[in-house]
Amino acid sequence: KTGETVCARRVVLAAGTMNTLRLLFASASGPAGLAPMPSLGSRFGANSDLMGFWSRPDSLHSSFHAPAAMGAFTVEGHDSATLGMGSLGGFDTLPLPRWLKRRLARNWMLYGFGPDSGTASVRYDGDRLQLRYDQAQEPVLQQIRSAFRALERESGDRVRALAKPLTVHQWGGACLGASASEGVVDHRGEVYGNPGLFVADAAALPAATGGPPSVAIAAWAHHVADGIAQGS
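Quick note: the sequence shown uses my numbering, first residue 1, plus one each step.
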């Protein structure tokens, strides 16, 4: 309810990187808010996610009837880029022309991951987060594009990459650090200067995982929960 206040000895933020950052920024903006967090918004990254499509017109398999995500692999000579495939399951239920469905059934999502630099940043204008991420400063994105081109040459099937990175794996901005000048949270996930406030999601990661980050996030959350349970 509006105006209702709930008090707790401990609060754990695990709202997803962008939502956690917004909550921290908004909660520190008023005179009665959180203690200053000088590193908030710095050391941010997008895991260098890059999406594309792999057209395989001679494939015997339909993209409509395959797992949503199929493993991870690398292309020889491009080991720094981890690639994966995804299906277009569900597209066959859309009201699309038959010719278009036949064409889509032989197209596969292709995605690449890689460790980006973490030199991007996030700021808050009082309403929305403002992101500064320059893909030209992330060499790994060019490595992923090069891996896409190599895959196209080796397979003989066209690969189209999106012009801009598209990510669901944001990390950082409230990073683990040795002090408040180097990060937002300490080794327990507790926010410097704000005792009892913890960050348990990817906002606390100090570096990109370079691949699907769910296991790393789960491990960090487990570590934070253990520390709270043990009172350390």
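No lab work stands behind these hints: they were computed from the structure.
Be a bit skeptical, because a hint or two may be false.
Estimated spans, in silico, between C-beta atoms of each pair [unchecked claim]:
id, residue 1, residue 2, range
1, GLY33, SER59, 52 to 58 angstroms
2, ASN19, ALA207, 17 to 23 angstroms
3, SER214, ARG98, 33 to 39 angstroms
Predicted, not measured: the structure shown is a model, and the values here were computed from it.
We put the beta carbon where it would ideally sit given N, CA and C, even for glycine.
Results for each hint:
1. Look at GLY33 against SER59: about 55 angstroms separates their beta carbons, and that is inside 52 to 58 angstroms.
2. A beta carbon spacing of about 21 angstroms between ASN19 and ALA207 agrees with the range 17 to 23 angstroms that was offered as a hint.
3. Taken as a hint, the range 33 to 39 angstroms holds for the pair SER214 and ARG98, whose Cβ atoms sit roughly 37 angstroms apart.
Figure legend: structure checked against the earlier numbered hints; every hint is met.
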